[in-house]
Amino acid sequence: MDLSSPPVHDHELNRQSWNEATKQHRTHQPELISDYVDKGRNKLFAEDLELLGELQGKQVLHLQCNDGQDTVSMARWLRPRQVHGVDISDSAIDFAEELRDKMLAKACFDPGTDVCFTRCDVLEYLNDPANRSSVDVVYSSYGTVNWLCDLTAWAEGIASVLRPGGRFVIIDFHAVAMALDLKTMTLKDNCLGGARYPSTDGVSDYVGQDPAFQNSSPAVEYAWGVGDIVSSLLATKKLQVQSLTEYPYVNGWAMYADMYQLPAGSPLLPMMYSIVASKQV
1 MDLSSPPVHD HELNRQSWNE ATKQHRTHQP ELISDYVDKG RNKLFAEDLE
51 LLGELQGKQV LHLQCNDGQD TVSMARWLRP RQVHGVDISD SAIDFAEELR
101 DKMLAKACFD PGTDVCFTRC DVLEYLNDPA NRSSVDVVYS SYGTVNWLCD
151 LTAWAEGIAS VLRPGGRFVI IDFHAVAMAL DLKTMTLKDN CLGGARYPST
201 DGVSDYVGQD PAFQNSSPAV EYAWGVGDIV SSLLATKKLQ VQSLTEYPYV
251 NGWAMYADMY QLPAGSPLLP MMYSIVASKQ V
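Residue numbers for the sequence shown follow the UniProt record's numbering, so the first one is 1 and each next one is one higher.
Derived from the structure by calculation, the hints contain no laboratory data. Just so we're clear, the structure is a prediction, and the values are computed from it rather than from any experiment. All the given hints hold, so there is nothing to weed out.
BS3-like mimics (lysine-lysine), calculated; alpha carbons at most 27 Å apart, straight line:
| no. | residue 1 | residue 2 |
| --- | --- | --- |
| 1 | K106 | K58 |
| 2 | K238 | K58 |
| 3 | K43 | K58 |
| 4 | K43 | K106 |
| 5 | K23 | K106 |
| 6 | K237 | K58 |
| 7 | K43 | K23 |
| 8 | K23 | K39 |
| 9 | K102 | K43 |
| 10 | K102 | K39 |
| 11 | K102 | K58 |
| 12 | K23 | K102 |
All chains, full assembly: derive it from the sequences and hints.
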């Protein structure tokens, strides 16, 4: 497939690629459902818990929820009134619903907490008039913005679905760190402006690192800088940025081989960032 010029539906390419990758990821985790149902696993990190804060009684929208592990963790441990995960991947949502159903069967959630999932492109979901002013918190985490082709539509959609006084919380991998060549400590790719990076290799097996896995579906990522993200939120004229934090480490993914942060003595590098914004009342 020729990926040299932007196709009309980059997101649809990514949907197919994520479907294939998600099935591969599950082959490495046969006990994953049991980890949540029987062992009380919590996928949220300390940074997530601090950023999300008190959620009881609130309705939460989890964007690009992948296979729902973070979503069910929010539902179980933070007990919102509702948490709704949305993701473009059919395979991811299928697993998320299976995980939720098994947890429901074992009464893992507070009776007052509703957990639901929708298979949809988040840009379509966010900009559907039916979803306006429907949630108190929008949450996005770990490997999300780099899959979006349009930050303007994304930010406007977030502002649309939030109720007045609602919060947007994102924690994600930093574009500078993702563009870094660790061996030379130089940037190998652009790290701002939405530079488009097609890949014939598609979404990788980042869970099991199986060298034999070959994703037959290509994918497209985008390099958005923190400035691009903040500017898109401010441009809505409805969202006010409350905090912006950068971290010299990453959660949940070894960004470099066997590494979640650079070795001691290395220059400090932003590897992850978080933003909290609120919708004006």
